[in-house]
Amino acid sequence: MEGRPATGARLRAQRAYAAASPWNADRLQETATGYLFVLPVLAVYAVFTVGPAVWAAILSFQDYNLIGGFRGWVGAGNYVRMLRDPVFVKALLNTVYYVLGVVPTQTFIALVMAVVLNMELRGRSVFRTLYYLPSVTSSVVISLLFLQILSEQGLLNAALRALGFHPPNWLQNTALALPSIMAVNVWTTVGTMMILYLAALQNIPTELYEAAEIDGASPWQQLWHVTVPQLRNATFFVVTNGIIGCFQVFDQMFIMTDGNGGPLNSTMTLMLYIYKNAFGGYNAMGYAAAISFALFAMILVIVIVQRRLFREEAA
Amino acid sequence: MGAVLLAGLMTALAACGGSPASSSKSGSTAPGASGAQEQTTVTLTLSGWSSSPAELKIVQDQIAAFEKLHPDIKVQWQPVPGDYMQKIQTEIASHTEPDVFYLDSSVAYDLMSQGAIQPLDPYVAKYKTDLSRFVPNLLKAFQYQGKTYGFPKGFSTLALVYNTRLFQQAGIGQPPKSWAELEADARQLTRNGVEGLVMDPDFARLGALVEQAGGTLVDSQGKAQLDSPSAIEAAAFYQKLVREGVLKQSKDVGAQWAGDALAKGKAAMVFEGNWVVAALRQESPDLRWSVAPLPQGKQAGSLAFTVAYVMGKDTKHPEAAYQLIDFLTGPQGEKFTEQGGLEMPSVESMLSTFSQDYPEQKAFAEAASYALPWQLGPNGQTVIDAVNKALQSIYLQGADPKQALQQAQASIHQ
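The listed protein sequences correspond, in order, to chains X and H.
Under the numbering used here, the letters of the first sequence match residues 1 to 315, in that order.
Under the numbering used here, the letters of the second sequence match residues 1 to 414, in that order.
No lab work stands behind these hints, which were simulated from the structure alone.
You may find that some hints are simply not true.
The calculated BS3-like cross-link candidates involving lysine-lysine, where the alpha carbons are at most 30 Å apart (straight line), are [as the list claims (entries may be wrong)]:
1) H:K140 x H:K126
2) H:K313 x H:K140
3) H:K251 x X:K90
4) H:K223 x X:K90
5) H:K57 x H:K223
6) H:K402 x X:K90
To spell it out: a stretch of chain H is covered by chain X in this simulated footprint if at least three of its residues, at any positions, have a beta carbon under 8 Å from a beta carbon of chain X; those stretches are [claimed, not checked]:
7) 248-258
8) 392-403
Computed far set for chain X versus chain H, every beta-carbon distance over 10 Å [what the hints assert, rightly or not]:
9) L11
10) Y35
11) I67
12) V74
13) G123
14) A162
15) W187
16) T188
17) L201
18) G281
19) Y282
20) R308
Values in this document were obtained by computation on a predicted structure and should not be read as measured data.
A virtual CB, placed ideally from N, CA and C, is assigned to each residue, including glycine.
Build the full structure now, drawing on both the sequences and the hints.
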């Protein structure tokens, strides 16, 4: 038979338990202080992000529009409607085309620019600034500028005519309108991606290059076998942000092709279609909310898959 | 992310509405001379848009005249910059819409049918308002199931606006009166980098052609008839002009819109409304132009563009709001519209005065007797977009007019 545990030990145990418990007075105060500090952000996040998102989720099961308000529950009706809506399908295809076109292009160009501007070049800070400028310019301003440049009598066509070409009307051509806007977007965002790559490049330890050089690796081999693998995290970030941004493309289409989806819906994107349904006279806020969640789900799935792929490669 | 963004946008817009119906906190008391008699003053909010200082001045003068007549009612003019309907919609959703506001006939059906604005009939009866004062077609655009929801504040019609110098150079004595003449003249005028006719693949132009062909795009019940024989005939005529190379859209001649093409000397003829006058004078003061009735097909046809004053469903002062609407669209208020010359007065008896004051716009006024306002059914924007896409496919890809319009008709009924 053991005797009762010593009083001292029991007391110590109780104290330890109390200290570990979240209900300990000190800990409680600490927790409260912590929450107090994050409260402003939490409140703003709850009111402007979580709340509306929950509300939008509810709306997506309703027949709801701004003018008439709630007009009944439709179950999954809004989600089923997407499958049979040719404009939605067109918008989805356009958006996917946009992502597939823009993301690899801008990632590749940004990487090349970053590698070049990471070398000891004269005036490289000037170039870095110049390349970054479009990224800090409002996309609305850029869209308005390119609307002028790309119009039938615009700067680009004037130049092409001077060279003896017969240029098309870029933004009014069903085959060229979307690629034209894609080119504008690459031009705009490539600067941001370049900066991200530049930062990551400067984090690569120089020993790696020294070691590679001792092993007799050529500059090209160093680029492919040291730089690119070392930039994995940066690439993940650049590609993920690129995909998210491209899936949500809106301003460029809204301004450069009148917000109507351009010639024969050739520049209709998911975000633009959401806008038209919610606010643009289609009176289908519920449907717009449903498309928003479909878009959200798509982005989520893609990012998860992408994370897996990057992890496997790393392993 | 998309959902979050949309939801955020909604709350942000709703928040912009500001104070609830602002006017609702009425009854602010004006101090009387002795303090014994108190006079209650009602403040009404009035929303619309104004695209020029001249347009703004008309509204301000109208309001001043109204306040002079009704010392107990104050009117707060709250113009909406940017996308007007977007703001009004969110205000309606959050019950903070203005007491009185502009409403374009193209979106009137949705607001009337969903009870977002008030019928004016009880007040029409009470104040014994004579509705026959309005140009008859205009009022119809704001009537739904036998009730009247708004009084037109003015209107514009489509007419043929042409460059007289180019006509002289081409040896054409008078503007075309029929489709055949329009086609022949357009062919003759298309030369030296000038297009005979600049017309966008747009609902608001096809609609006039359809009426000339004897039909309408939307019937009197608000049902779209996009593939009626008249519509197909009109679209086929449009395609014929495109194929002959005598009709181009404004963006293909480096212009923002057809009126801009005319101002730039790139177009000999356009189908435009009264608004083109101010634009031409500003953009190209030396241009010599004239306005003639639109050429006829089987019959004369034109479109009327009209905006009404309507009453918000949440207004706390319907009586005062009605008095304001009635004044603005009555002979006293419309006098300012008539004198402004930017659009035509909705009061029929004032049209002849308008034609005298603005003889160059006479052809627009003449179209008032047959021009039909846009009366679109539910979700008017979907109908407009369907027609525009059909016309684009005809213009850009040479699609068969019948098939394109049948497709458009099918797409709005999914």
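Hint-by-hint comparison with the structure:
Taken as a hint, the H:K140 and H:K126 pair is honoured in the structure, with Cα atoms around 21 Å apart against an allowance of 30 Å. Among the hinted pairs, H:K313 with H:K140 is consistent with the structure: their alpha-carbon atoms are about 20 Å apart, no more than 30 Å. A threshold of 30 Å between alpha carbons decides the hint, and for H:K251 with X:K90 the separation of about 24 Å falls inside it, so the pair holds. Distance restraint check for H:K223 and X:K90: the Cα-Cα separation of roughly 26 Å lies within the 30 Å cut-off, and the hinted pair is therefore satisfied.
A hinted pair counts as satisfied when its Cα atoms are at most 30 Å apart, and H:K57 with H:K223 does not qualify at roughly 38 Å. Under the criterion of a C-alpha separation no larger than 30 Å, the hint pairing H:K402 with X:K90 is consistent with the structure, at around 23 Å. Closer than 8 Å: that is the beta-carbon criterion, and the region 248-258 of chain H has 5 residues meeting it against chain X, so the requirement of 3 holds. Counting residues of the region 392-403 of chain H whose beta carbon lies closer than 8 Å to any beta carbon of chain X gives 4, which meets the minimum of three for the stated coverage.
Against chain H, the non-interface label of X:L11 holds: every CB pair exceeds 10 Å, the least being about 52 Å. Non-interface status of X:Y35 relative to chain H is upheld: no Cβ of that chain comes within 10 Å, the nearest being about 23 Å off. With a minimum CB-CB distance of about 5 Å to chain H, X:I67 fails to clear the 10 Å threshold, and the non-interface call is violated. The Cβ of X:V74 sits about 15 Å from the closest Cβ of chain H, beyond the 10 Å cut-off, so the non-interface label holds.
The claim that X:G123 lies off the interface holds: its Cβ sits roughly 38 Å from the closest Cβ of chain H, which is beyond the 10 Å cut-off. Chain H leaves X:A162 outside its interface by the beta-carbon criterion, the shortest separation being 16 Å against a cut-off of 10 Å. For X:W187, the shortest C-beta to C-beta distance to chain H comes to about 22 Å, beyond the 10 Å cut-off, and the non-interface label holds. Every Cβ of chain H is farther than 10 Å from the Cβ of X:T188; the closest lies at roughly 19 Å, confirming the non-interface assignment.
Non-interface status of X:L201 relative to chain H is upheld: no Cβ of that chain comes within 10 Å, the nearest being about 29 Å off. The beta carbon of X:G281 sits about 3 Å from the closest Cβ of chain H, which is not more than 10 Å, so the claim that it is off the interface is violated. Distance check on X:Y282: its Cβ comes as close as 6 Å (rounded) to a Cβ of chain H, failing to clear the 10 Å threshold; non-interface status is violated. Even its closest Cβ contact with chain H, about 19 Å, leaves X:R308 beyond 10 Å, as expected for a residue assigned away from the interface.
Comparing the model with each numbered hint stated earlier shows that hints 5, 11, 18 and 19 do not hold.
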